[in-house]
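In short: position in the sequence shown from 1, add 11, done, that's the numbering used here.
To be clear, the hints were calculated from the coordinates, so they are not data collected in a lab.
Just so you know, these numbers come straight off a predicted model, no measurement behind them.
Be careful, since some hints might not be right.
With a straight-line cut-off of 16 angstroms between C-alpha atoms, the simulated EDC-like cross-links for lysine to aspartate or glutamate are [what the hints assert, rightly or not]: (1) Lys369 - Glu408; (2) Lys352 - Glu313; (3) Lys140 - Glu174; (4) Lys377 - Glu408; (5) Lys422 - Asp55; (6) Lys422 - Glu68; (7) Lys295 - Asp257; (8) Lys214 - Glu171; (9) Lys528 - Glu68; (10) Lys148 - Glu113; (11) Lys281 - Glu267; (12) Lys168 - Asp125.
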Amino acid sequence: MAETRRWELAAHRRLEKGKVVGVVVLDGWGEAAPDPFNCIHVADTPTLDALKKGGPERWRVIKAHGTAVGLPTDDDMGNNMALASGKIYEGEGFKYIQQSFENGTLHLIGLLSDGGVHSRIDQLQLLLKGASEHGAKRIRVHILTDGRDVLDGSSVKFVELIENDLAKLRDKGNDWQVAKRGWDAQVLGEAPHKFQNALEAVKKLREDPKANDQYLPPFVIVDERGRPIGPIMDGDAVVTFNFRADRMVMLAKALEYESFDKFDRVRFPKIRYAGMLQYDGELKLPSHFLVAPPEIERTSGEYLARNGIRTYACSETVKFGHVTFFWNGNRSGYFHPNLEKYEEIPSDIGIPFNEQPKMKAVEIAKKTRDAILSCKFDQVRVNIANGDMVGHTGDIEATIVGCKAADEAVKIVLDAIEQVGGIFVVTADHGNAEDMVKRDKSGKPLRDKDGNVQPLTSHTLNPVPIAIGGPGLQPGVRFRSDLPSAGLANVAATVMNLHGFEAPDHYEPTLIEVVDK
12 MAETRRWELA AHRRLEKGKV VGVVVLDGWG EAAPDPFNCI HVADTPTLDA LKKGGPERWR
72 VIKAHGTAVG LPTDDDMGNN MALASGKIYE GEGFKYIQQS FENGTLHLIG LLSDGGVHSR
132 IDQLQLLLKG ASEHGAKRIR VHILTDGRDV LDGSSVKFVE LIENDLAKLR DKGNDWQVAK
192 RGWDAQVLGE APHKFQNALE AVKKLREDPK ANDQYLPPFV IVDERGRPIG PIMDGDAVVT
252 FNFRADRMVM LAKALEYESF DKFDRVRFPK IRYAGMLQYD GELKLPSHFL VAPPEIERTS
312 GEYLARNGIR TYACSETVKF GHVTFFWNGN RSGYFHPNLE KYEEIPSDIG IPFNEQPKMK
372 AVEIAKKTRD AILSCKFDQV RVNIANGDMV GHTGDIEATI VGCKAADEAV KIVLDAIEQV
432 GGIFVVTADH GNAEDMVKRD KSGKPLRDKD GNVQPLTSHT LNPVPIAIGG PGLQPGVRFR
492 SDLPSAGLAN VAATVMNLHG FEAPDHYEPT LIEVVDK
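Let the sequences and hints guide you as you build the complete structure.
See the structure below:
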């Protein structure tokens, strides 16, 4: 069916072409009731406050979680891919790594989490069970602790759960320094901390008052003589079990590319490596994977490129993939190099985001302003990361500062849109900064034994705002009132309309309509 569809988009019946459209995505910016722990409410955000006054015709909320965005249930947050867990062991990737089971070790590397954003612990448990049943004799799990999409400190219970599973199996029979630290521990067996079991390691490292699961230092498990028990060696099999790409691509390159110059690997073991998914369809990386990736084709970016829309995309390193790779359906590179420009602003490295909560918001906005005023582009799209990345630290005061910086960045972009007579769309991908505290069933903040509130560092299930405006927007354009359950999937058709095109018939309905004024 998809092969017979035309790429040419029909002209919109009521909306003209030729207006610059600015798409601003505020990462981690949900909509929630005013509250001392709603950092967006507490922060000084005059630009976004003014947009909110345009409701309901030019401001509304849309769903950003669960079934409305293609996730399995309405309890799921963030971005996910549908996985056919019943078929996880039947593909080419599993048969490939299985060749190492008889004489080698199976290494599983990924985020230990039940957050469902990058990985799921229940999938790791299925991997352990299935690999054991299919002949794996030695299994090593190299864990990455979370503390961002789940409650900080949950690493202890997760490690305990996996150690119990492993015990049962035994009874049956874009920061390269981070990647390098992982390589040193996982491949070379070298780390600043050594322990005889993972539960002891996590408990001991968390005794530091400043400890956080996101930033636990590397450790290795050693035997009684102090030798690492699980380094990756020639002949072993390795599986990275995260399903989301942005934390795995660097490791995948280090494990697979014979020619590699990002850091000194010391040695490059001859292994059989497979990812949970193919993390980069353009690079075909990794070349072996357990679950065939879903076909994400005919994205709005490709449609617009094929219809002559000149596009500029910008963000800082930690979210650059969100305006390029993910936006384009898990595809690296350009659809049309002569029509597109992608610009990455280097993120701060080596420090937690709450220590520099303004991040690169203003730098991104100024680059985008320059792109708009150059009149070389028909669309500019940006991701402003403060609400999400600073929100993940659980630092309320820092997140308030970050939200203010994000608002300042939005103003810079909208002022430029105003100067060129363009149109803007301001929205978000999911919540985070609008609720920074863990709550009981009644909604009251949970507190620890000392009376301190327990910070919430994960994404939320709250809806997100979307606003439209600008001097180029026709007076009769407004949000429809017949789509109360609309979600993020409805935004693509909306943006296409604002460019003067009808959206393809297989897209979710547009959020806007044109009425006579």
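Structure-based check of all given hints:
For the hint linking Lys369 to Glu408, the alpha-carbon distance of about 12 angstroms falls within 16 angstroms, and the restraint holds. At roughly 14 angstroms between alpha-carbon atoms, Lys352 and Glu313 fall within 16 angstroms of each other, so this suggested pair holds. Annotation: proposed proximity of Lys140 to Glu174 holds, straight-line Cα distance about 13 angstroms (limit 16 angstroms). With a CA separation close to 25 angstroms, the supplied pair Lys377 and Glu408 exceeds the 16 angstroms bound.
With a CA separation close to 13 angstroms, the supplied pair Lys422 and Asp55 stays within the 16 angstroms bound. About 21 angstroms separates the Cα atoms of Lys422 and Glu68, which puts this hinted pair outside 16 angstroms; it is violated. At roughly 15 angstroms between alpha-carbon atoms, Lys295 and Asp257 fall within 16 angstroms of each other, so this suggested pair holds. Between Lys214 and Glu171 the CA atoms are separated by roughly 10 angstroms; this keeps the pair inside 16 angstroms, and the hint holds.
With a C-alpha separation of about 13 angstroms, the suggested pairing of Lys528 with Glu68 holds against the 16 angstroms cut-off. Distance hint between Lys148 and Glu113 is fulfilled; the C-alpha atoms sit about 7 angstroms from each other, no more than 16 angstroms. This hinted pair checks out: Lys281 and Glu267 have alpha carbons roughly 9 angstroms apart, not beyond 16 angstroms. Restraint check: the Cα-Cα separation between Lys168 and Asp125 comes to about 11 angstroms, which is no more than 16 angstroms; the hinted pair holds.
Comparing the model with each earlier hint shows violations of hints 4 and 6; every other hint is respected.
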